[in-house]
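Heads up: the protein sequence lines correspond to chains Z and U, in order.
Just so we're aligned, residue 599 is where the first sequence starts under the numbering used here, counting upward by one.
Just so we're aligned, residue 599 is where the second sequence starts under the numbering used here, counting upward by one.
The hints are simulated quantities; they were obtained by calculation from the structure and are not laboratory data.
Careful, some of the hints might be misleading.
[Unchecked claim] Partial list, computed: chain U residues near chain Z (C-beta under 7 Å):
#: 1; residue: T913
#: 2; residue: P934
#: 3; residue: D1015
#: 4; residue: A1018
#: 5; residue: V1019
Since we're looking at a predicted model, the values are computed, not measured.
Quick reminder that beta carbons are idealized off the backbone N, C-alpha and C, glycines included.
There are 2 protein chains.
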Amino acid sequence: MNMHGERDGRERLVVIGGDAAGMSAASQARRMRGPDELEIVAFERGHFTSFSACGIPYWVGGDVPERERLIARSPEEHRERAIDVRMGTEVVEIDVAGRRVRTRDVDSGAESWTSYDKLVIATGARPIRPDMPGVDAVGVHGVQTLDDGQALLDTLARTRGRRAVVVGAGYIGVEMAEAMIQRGFEVTVVNRGKEPMATLDPDMGRLVHRAMEGLGITMVDDAEVTGVLTHDDGRVRAVTTRDAEYPADLVVLGIGVRPETALARAAGLPLGTHGGLLTDLAMRVRGHEDIWAGGDCVEVLNLVSGQEQYVPLGTHANKHGQVIGSNVGGGYATFPGVVGTAVSKVCDLEIARTGLREKDADRVGLRYESVTVESTSRAGYYPGASLMTVKMLAERRTGRLLGVQIVGREGAAKRVDIAAVALTAQMTVEQMTALDLGYAPPFSPVWDPVLVAARKAAPKVRERD
Amino acid sequence: MNMHGERDGRERLVVIGGDAAGMSAASQARRMRGPDELEIVAFERGHFTSFSACGIPYWVGGDVPERERLIARSPEEHRERAIDVRMGTEVVEIDVAGRRVRTRDVDSGAESWTSYDKLVIATGARPIRPDMPGVDAVGVHGVQTLDDGQALLDTLARTRGRRAVVVGAGYIGVEMAEAMIQRGFEVTVVNRGKEPMATLDPDMGRLVHRAMEGLGITMVDDAEVTGVLTHDDGRVRAVTTRDAEYPADLVVLGIGVRPETALARAAGLPLGTHGGLLTDLAMRVRGHEDIWAGGDCVEVLNLVSGQEQYVPLGTHANKHGQVIGSNVGGGYATFPGVVGTAVSKVCDLEIARTGLREKDADRVGLRYESVTVESTSRAGYYPGASLMTVKMLAERRTGRLLGVQIVGREGAAKRVDIAAVALTAQMTVEQMTALDLGYAPPFSPVWDPVLVAARKAAPKVRERD
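Isolated chain Z, as found in the complex (with noise of 0.2 Å):
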């Protein structure tokens, strides 16, 4: 490969994007091709490759000490695995027609073109960043990328005042709720749903408010920010409100993200409802039999729902680099969807959801029982034992298992994996009731708090059948 696109006989492999989807599928068929058969060549826009996005809240909050830790791989070392990372370069188009990409220098601005034989499409997202006065100001911050983080960090260190608004409670929002926290701040947190955790049902999203009150933090629900008011330097003073006015010294932004697909549309590659790349079971890009993409740009199928969904989310891109790697690297792979599986925490509270929501469920026209039990992470006698709240939704008629949504504190996140697993296998509730989970007294009570939705589920399907 060269500047110039000339070539020397070897087939070309393009990546668009660094990060989790773009890398692991550039290392994955470098596993299985050498640089003799494939040449790989990967553009990055940004100074990092392979990074840990996830992982910036903990960095922020301090547990993890240092941003070293949260890159899993420099471009040094993709480059001695013969994958050619050109950090600072924004790829500007696709011609899909030429089979090549445009490159633009961030720096310099100098631009050129690249052929490919195979490209991937590993954009991944942006961060929404509301449109609204003061949004720049100085100390309100989004944590998307790891510059993100380095910035905020910055503001945390030069800033006295310890008041801080997290403008949004989903998973980032609740992470930085955490992050703010464990960094002294008094910490509100402006919601525009009307409980945190849209992810959740609002009887469960309740339970999180609650919670996330009971650890000292100011809880708005049910309003949607206006605007950030400044100091006369340009700092930021408040978050206002509609009806009110939050003082602040440091604003993060922790709203969701979109698919990053500009790109994409421009090149008329086939988009869904959601904005995100539409791809085939390989990861290809539909109509495209040499393009593929994969990772917080795409959008993935939910094998509970039937319909597509746009989950950005870590394990979801290593999966798609993963596959993506195989198919272009000669073998075979298939990503087959997702169940919607997510876990998260705040402090010591735990998080989980999998399947369908109730409106979900509404939404795609499924018919369904919903229980909520309370339960123990271990046997009630065994010390540490925590109540959880377990709430399932069951298939009328069917009683197949459509989701779980689980909140409590040690033990709680990790247990929505039994659902996980229960709902890719489309059990029944009925069938759950039999499951052989690991039991021992500082494990679990006798019947595991999933049993015991399932077991509460199980009569109610029949009922109403």
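Once you have looked at the hints, place chain U on chain Z.
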């Protein structure tokens, strides 16, 4: 019901054994049918009902402060629910043809017959007590019943020496080793097998051996205990093996249990190769319309091997009771079988297994590939991330998951539930690589350790196909 067996027109359910399986069955039957329809009489020869035998090591070790915490429901509480519990009453004969049982008052020796319409046998297990000199010495204790636990605690209070020998290194053995450490003893574990935890493959048992040594426990493997030596006053002084003598101020027998089926055998009821009662899927004793059996006195179907197995575990006993009670009460429920899940811990070491070991697979004619991986409980950069070793067996050709064993620290044990559900669903390791498991840095690496193992197993199965 009266003591002479006269009848008042109601159906009578007789339950033999007042612990988990028996009293769960009684309680569930009572929920379904009121006292005007169904009379329930339960005979228990001991002093307690519905207690957690699995909790005894934690009571002895001091984690559970008092015996009463281990009792889920007292005889009085059962009686309040119209279950006529007769304590200190042993059933000494089942007259199947006459549909009656002969009971003996443990204190007075008085005997009488009680007739039944339906019978539940829940006689539990008896501990294996090696037939060797000195086994009845003062200071030698089993830990099967609450009385056993109390006797051991009494000895602990009296014993000045601080050397404990635990005989056996299965679940009870390793849990009692922990209990003795917590009580400030120097602990030696003498074990007949090549490695501790014979329910694991030896390579995984080796990890347990090393970790237990790391906890300061003296591990003596491959050694059969031949006798117990005593002081002149009859107190235990040492445990002997063929080759050595281990000083002991206290000896705990943790060798395991056998099904308590002498009554059933005498009555001509069908027993399996492990000595447990054989039932159908509704937990009825095979060939007997009105006799049910459950808990530690029955064999269960292993869904992976397709053969009966003896798995005395409280969680199965509770499920059996639930199923029996539903069926006796006129409902319908089945116990489809187990996959062989078990979890345990020794201090901070967690041990888990499900499915088949290599030798189980060999025995039932299954060919397999086996992989072992090391991964972490949390993202590698997140504080508290600890190593765990996951071993996975998959069938050749089909790639079906056959078993998983995990040894590690925090977060290792309950991860086995992922595999337990996958085994139940007969998933292949290839399918497992796509499982949508909970991911966030405090809870898992981006590839959960179980997925890491599946990712290694999948190509290995393919290569050998």
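*Taking the numbered hints from earlier one at a time, note which ones the structure violates and give those numbers from smallest to largest.*
none
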